[in-house]
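Peer 1: Generate the whole structure from the sequences, applying the supplied hints.
Just so you know, the sequences run in chain order A and B.
Heads up, the working numbering is the position in the first sequence plus 8, with the first residue counted as 1.
Heads up, the working numbering is the position in the second sequence plus 8, with the first residue counted as 1.
In case anyone wonders, no lab produced these hints; they're calculated from the structure.
Heads up, some of the hints might be wrong.
[Claimed, not checked] So the derived label-pair ranges between C-beta atoms look like this:
1. B:R147 <-> A:P516: 32 to 42 Å
2. B:R147 <-> A:P533: 23 to 33 Å
3. A:R32 <-> B:R147: 18 to 28 Å
4. B:R18 <-> A:L544: 56 to 66 Å
5. B:D55 <-> A:G504: 52 to 62 Å
6. B:S173 <-> A:R10: 13 to 23 Å
7. A:L544 <-> B:D177: 22 to 32 Å
8. B:S75 <-> A:A27: 24 to 34 Å
9. A:P599 <-> B:D177: 55 to 65 Å
10. B:D15 <-> A:S399: 53 to 63 Å
All of these numbers come straight from a predicted model, not from anything done at the bench.
Glycine included, every Cβ here is placed at the ideal spot set by N, Cα and C.
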Amino acid sequence: MRCDAARPLLSEGFDGALAAHDRRAVDEHLGACADCAAFKTGLARLRRELRYEAVQDVADVAPAVLAQLGLDSQRRRRPGAPHRQEPHGRPPQERWPRGWPPPRPRPSQRQRPPRRSRLRATSAAAIFLAAVIAGASFAGLGGRRASEVRAEDLPQRVQSAQSEVRSLSAQISVVERGWHPQVPERRLSGTLRYSSPESLAVHLTDHTDYPSDQWVPNDVAVVITPGQRWSAGPAACPREALPSCMSPEPRVESLRGREPFPVLDPAPLDLVVPVRSFSDAGPPEPLGRRSVGERAAVGVAVTAAQADPLLQGLRQAGAWREIHPGDRVELWLDEQALVPLALSVIPSDDPERALWAARRGYRDAAAAPYLEVAFEGVRLNGEVPEAAFPSPPAGTAARDAGFRAGSPAGQLPAPGWLPPGMRPHMEGVVDQGGEGIAVAAWTDGRAWVKIRATEGWAGARLFGDLGPAPHRVELGATGVAYVSGRGHEVGLHAEGLDVVVVGSLTEPALIRIAASLGLVGRPVPPDWAEGGAASLEAARRALPGLLLPSELEGFAPPTVRIAGDIVTLTFFGPGSREFILTQGPGDRLSPPLDADVRGVGVRGLAGRYTPARGELEWVESGTVVSVMSHTLSVAELLAVAASLEAG
Amino acid sequence: MEEPDPDTVRAAMAGDLDAFEALVHAYQAHVRRFLRHLLGDAALAEDVTQETFLRVYRRLDSFGFRSKFSTWIFQVARNAGVDALRARQRRDRMAQQLPPPRAAPDPSGRVEIAAALAALTPRLREAFVLIEVLGLTYREAGHAVGAPEGTVKSRVFRAREQLVSWLCDAEEEQRDAL
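Peer 2: Here it is, written out as structure tokens:
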């Protein structure tokens, strides 16, 4: 196939399914033609740039149009037209035809807000969320194509929605089931307050009726303000020992000298706009539109692994049950501001999940939510008083993370470029008894970026917590940089200075900032942990017949490590989904290290699965292959295995 | 794109202004977005959005359920957009095909996209915007612009060729500048 035939097919393929034979022919051509591959990349980029549109308040032309028509109709009334007498008298819900999305209510039309159910002392028989979604009108999926487009848009829209939320205040309600056999259901309620860029306070009060006074209510508080963070809640203790192991004194942790946007212990900002829960996603499964409370919401379904940043936001302190990473999370986001309004976690029907639950003593009913969270009374960009972020309880000893605000004294390179709207937020030095780390952070009110730099970094691995398998990018004149698997961190190893750029921006933006620092990034020395990073071509040469997954969606190209004739490929996907594919010559598996091992059929061969390591192994044509993951279920690992092809 | 309840459309055709208002609320965002990209001018797009719905009301008689309502609305919007462009052209006597300005590389990339879009001929631009930005099918877009499916497909491809080529050039310039 020649380029002039391939390119129109590429264009057509971007708009919908190509016939299978066309797709194969195009893929083959792409394999050999760098120009057409570049064209395809250009198409993808064009699509990303165009779908990236900030959420705005939509102006309403209806009044002007109607006014104009009113003038017209005074001159000439349409036969049979009902004369428009009562202005905005009846509430909207009564007028619109069923199944038709109601318009955004205008202030003059607002009646009493729909009844919102309050948590009652007796547990509700009905699904909790249904009680919260009063007057819900499910607008359905319309044309399938429409909702596909919206679901694809969502990650970019969430990214761009970041700058629209300056503050948020909401009531939270939580229902958790299955925490303990004697406590089948727990109900908590509280508040969420947020003030950009990084002040967050979550307070939850436990309303559950426990069987006895021995049980300590799960009253939880987490408060984060510039430079400080504290949390309080009952210490978790082993399930088998409940309730006697519970201490009546809450565990209080307090930290000062907290640098802005710390990577290791970030503020759960995904509670406000779930950027990280989507930033790596392939198109999430759409659930349509519906009203949650008074607000129009768009729903998506993702896995718990993907929504982990959001879920962990509520569980920063206190004693909670576990969530399986493969479980389904149905998430409803406000259609305009893309803040979470409701979510439920539903067990997946993966047989491995059943084992996981059995081992922990959970008896989750199939297809029934075991965790439901609702955000009600959401007020955006209103005033959030300082009292919303209280200080830690008196007498709490605070740990010091070592950050001191001030001028980083020239150690920090200044970025030559930042996205528009970014202003300096905080800067200073983190002193952890060694070389100081200079830190500077910028924010546009919600999105943020931070640069950390240090001299005399001893090495052995890249500075900046880039994770186990960063990949290398060429910056042309400014050398090389390393990007973490998640794409949130970009590291530079320069002469006498090691720098990392981290933020809630897109990977290209972070790379661009790193490239603008006026530094030349050098490749890491070969004896560093990242020194073995290689290319797929080198991997193919090291191991002919290298197996590669053929049907992955939403996963970035793998990071490659070669050690002799063993090739390790690490694939990062949406949320925290990742897996490691290792292959090397051999004709049998090594003896199992764990007692808990299951035989499974893999690609028609006998393999084994070790749940404790999340590892699936088998031998195929003289190669020992392993697929390992802590966030994918065994069914997903088997699917990955089934899709492997010699690439 | 969601289709309205046929009863609502019929009510609007019969002169029910409340039903018509529901239609305005449902489609104004899509129409505005389409016109914004088609005209390359947010203020003008605002005016033409209003004009579109005025025309929709006045021409409801001619709708007749022969096509999808959403497609028909885009037809009206597109014609209103073309009329506005011609009026402005007559007024300003400015050539429609301006090369994209390359002087200041824009970090977000969006000014470049808008400029590149503006440099397409209106036929290529409208087809591309309907497919890429609004997610219509080739057939729906064909109805909206009055051309066969195959023509729309080829216009979208040609638009993409030009846009990708301009963006690559712009990117090279940016990299040299960095």
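Peer 1: Checking each numbered hint in turn, tell me which of them this model violates, lowest number first.
Peer 2: 2
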